[in-house]
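Engineer: What follows is each chain in one-letter form.
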Amino acid sequence: MTNKELKFVVDTTVNFFKETTGMSAECGIPYTKNGSPVMLEYSGIIGISGLRKGSIYFTSNQNLLQEMARRMLDGEEVGCDEFKDLSGEIANTISGNLRKVFGSDFHISVPVIVEGQARDIKLPKDIDAYIIPITWKENKAFLVVGLE
Amino acid sequence: MNDQIKIMVVDDSSIIRKIIERGVTDKNYQLVGTASNGLEAIDIFKQTLPDIVTLDITMPEMNGLVVLEHLLAIKADVQVIVISALSDKGTAIEAIKKGAKSFIPKPFTTEQVQKTIEKLAVKVVS
Numbered sequence: 007m008t009n010k011e012l013k014f015v016v017d018t019t020v021n022f023f024k025e026t027t028g029m030s031a032e033c034g035i036p037y038t039k040n041g042s043p044v045m046l047e048y049s050g051i052i053g054i055s056g057l058r059k060g061s062i063y064f065t066s067n068q069n070l071l072q073e074m075a076r077r078m079l080d081g082e083e084v085g086c087d088e089f090k091d092l093s094g095e096i097a098n099t100i101s102g103n104l105r106k107v108f109g110s111d112f113h114i115s116v117p118v119i120v121e122g123q124a125r126d127i128k129l130p131k132d133i134d135a136y137i138i139p140i141t142w143k144e145n146k147a148f149l150v151v152g153l154e
Numbered sequence: 085m086n087d088q089i090k091i092m093v094v095d096d097s098s099i100i101r102k103i104i105e106r107g108v109t110d111k112n113y114q115l116v117g118t119a120s121n122g123l124e125a126i127d128i129f130k131q132t133l134p135d136i137v138t139l140d141i142t143m144p145e146m147n148g149l150v151v152l153e154h155l156l157a158i159k160a161d162v163q164v165i166v167i168s169a170l171s172d173k174g175t176a177i178e179a180i181k182k183g184a185k186s187f188i189p190k191p192f193t194t195e196q197v198q199k200t201i202e203k204l205a206v207k208v209v210s
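Residue numbers (our numbering), protein chains in the order written: chain X, 7 to 154; chain Y, 85 to 210.
Wrong hints could be hidden among the right ones.
To be verified - Facing chain X, a subset of chain Y residues (Cβ under 8 Å, in silico):
hint, residue
1, SER97
2, SER98
3, LYS102
4, ILE103
5, GLU105
6, THR109
7, THR132
8, MET143
9, SER168
10, LEU170
11, ALA176
12, LYS182
Just so you know, these hints were derived from the structure itself, not from any lab.
All C-beta atoms in this analysis are idealised placements derived from N, C-alpha and C, irrespective of residue type, glycine included.
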């Protein structure tokens, strides 16, 4: 990814939290990683096809999803189904928004939701995935972008 | 007057459906159905024949833009609002060319959806 593309990913992520919850997230300095992916309690994974291939996923702990869902649903109590749904929707929205920088031949799949560690999820071996640390209301999460 | 307008909400995310549903019912529109995928959307649409539909694009079973063509074939004057994470201009133009009346990129606010429905509801009534 170019610096311009990476900046767009970070800006899109910050904007997502601001728009959906009214509170901005802070993104840490992105770093690259090869091999086994970082995964927290819930992960929403989007497959990417077209001119760019790979995957994008958002991974976080339950606390972040619970707090976000409550804010989005005006305080309604939420459970495991909503945590999974929200992790998929976050990954889907951020990935879909990236068409603005990657173009219309950037195709996204429906989200696949993983609870806990996923041994079957592998990042492409020949590329470094960009890990973007996210902090929202003191909760940690990561956006992982692995594109050829 | 709003309670005469029949609205259907289609999105594979239950949280997004709930947010849109609340926006619809808060304004006293008649929520006639919700669907979480394209095939279900077409089934419920045939049964309820809503005036306005909010429609996601990236969904299991059938892409929302294909669903849009089916809905228009069933009821040509249905007012469809596409609400999608695919927020580039090309996708918005494609949706409008296929017959959508409006396009709202995700992330969105409830107010955006309500204002768009309000504009389209005027067309339904007139």
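Engineer: Work down the list of hints and note, for each, if the structure agrees.
Structural biologist: Structure-based check of all given hints:
Contact between SER97(Y) and chain X, as hinted, is supported at the beta carbon level, the nearest pair being about 4 Å apart and thus within 8 Å. Satisfaction of the interface hint for SER98(Y) is found here, the shortest Cβ-Cβ separation to chain X being roughly 5 Å, below the 8 Å cut-off. At a threshold of 8 Å, the smallest CB-CB gap from LYS102(Y) to chain X is about 6 Å, leaving the interface hint in force. Hint status for ILE103(Y) relative to chain X: holds, with the closest Cβ pair at about 6 Å, below 8 Å.
Residue-level restraint check for GLU105(Y) is violated (minimum Cβ-Cβ distance to chain X is 11 Å; threshold 8 Å). Because the closest C-beta pair between THR109(Y) and chain X is about 13 Å apart, greater than 8 Å, the hint is violated. Here the hint on THR132(Y) is broken, as its CB sits about 24 Å from the closest CB of chain X, past 8 Å. At about 7 Å, the closest approach between the beta carbon of MET143(Y) and any beta carbon in chain X falls short of 8 Å, and the interface hint on this residue holds.
Of the supplied interface hints, the one on SER168(Y) holds, with its beta-carbon coming within about 7 Å of a beta-carbon of chain X, less than 8 Å. Interface restraint check for LEU170(Y): the shortest CB-CB distance to chain X comes to about 5 Å, inside 8 Å, so the restraint holds. Annotation: ALA176(Y) was flagged as interfacial toward chain X, and the flag is violated, the nearest CB pair being 11 Å apart, outside 8 Å. Hint status for LYS182(Y): violated, given a least beta-carbon distance of 15 Å to chain X, over 8 Å.
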